[in-house]
Amino acid sequence: MCIRDSSRDILTAGEDTYLYSFCKFPIEVLENELFVGDVFHANNRRQLKDLKIINIFDVSGNCKVEFPEVNYHGVEIDQERDSLNEIDTLCAQIKAEVDAGNKPVLLYCKDGMKAVGIAIAYLMFSRKMDVNRASLIIFSRVSNVEINKKLYTQILIYTPGCAAQFKKL
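Start counting the sequence shown at -8; every next residue gets the next number (the working numbering).
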């Protein structure tokens, strides 16, 4: 049994750095623009600082992170209903932050499965890609992809700019 002596640190600075190098980091989808991860990445202050992430978007809306140096945006994307309007609005918000120089951005949710889907939609929105090309880029960068199937079904029919079209009606 190991009992921690609170009067001293267990790891030296070198050991800490060595162990940190084995941490799972969020996936960089677009260089210096977009990362995809999960709640553990969003709560790792050291990773956020090292990757210079200043905006985090929680697409589950219920995994709030409170670091003063990071701008938190919580948007719940409900895969159980038609969320195309919310997806489009979220992509526009992310694009606005990136265009304003507030990048890179981390997209995350509890397990990362919704974040992958929103990353595909963001590529479609910001880079004017079709769903197949955007999916290919994300799937090639994220190993062992797990995606929320209900959300992905909606993204298959997503048209970037649809929120603006609904506002006109």
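Check the hints yourself; a few may be wrong.
[Said to hold, decoys possible] The calculated label-pair distances, taken between Cβ atoms and stated as ranges, are:
hint	residue 1	residue 2	range
1	Val136	Cys14	29 to 35 Å
2	Glu60	Gln84	29 to 35 Å
3	Gly52	Ala87	16 to 22 Å
4	Asn34	Gln70	19 to 25 Å
5	His64	Cys153	16 to 22 Å
6	Asp90	Lys55	22 to 28 Å
7	Gly92	Phe58	18 to 24 Å
8	Ile1	Lys55	18 to 24 Å
9	Ser131	Asp41	21 to 27 Å
10	Ser134	Asn34	20 to 26 Å
11	His64	Asn23	17 to 23 Å
12	Lys141	Gly92	16 to 22 Å
13	Glu6	Glu71	44 to 50 Å
14	Leu147	Thr3	20 to 26 Å
In case anyone wonders, no lab produced these hints; they're calculated from the structure. Note that the coordinates shown come from a computational prediction; the quantities given were computed from them, not determined experimentally. In this text, a Cβ means the ideal position worked out from N, Cα and C, and glycines have one as well.
Q) Hint by hint, which ones does this structure get wrong, listed from lowest number up? A) 1, 2, 8, 12, 14
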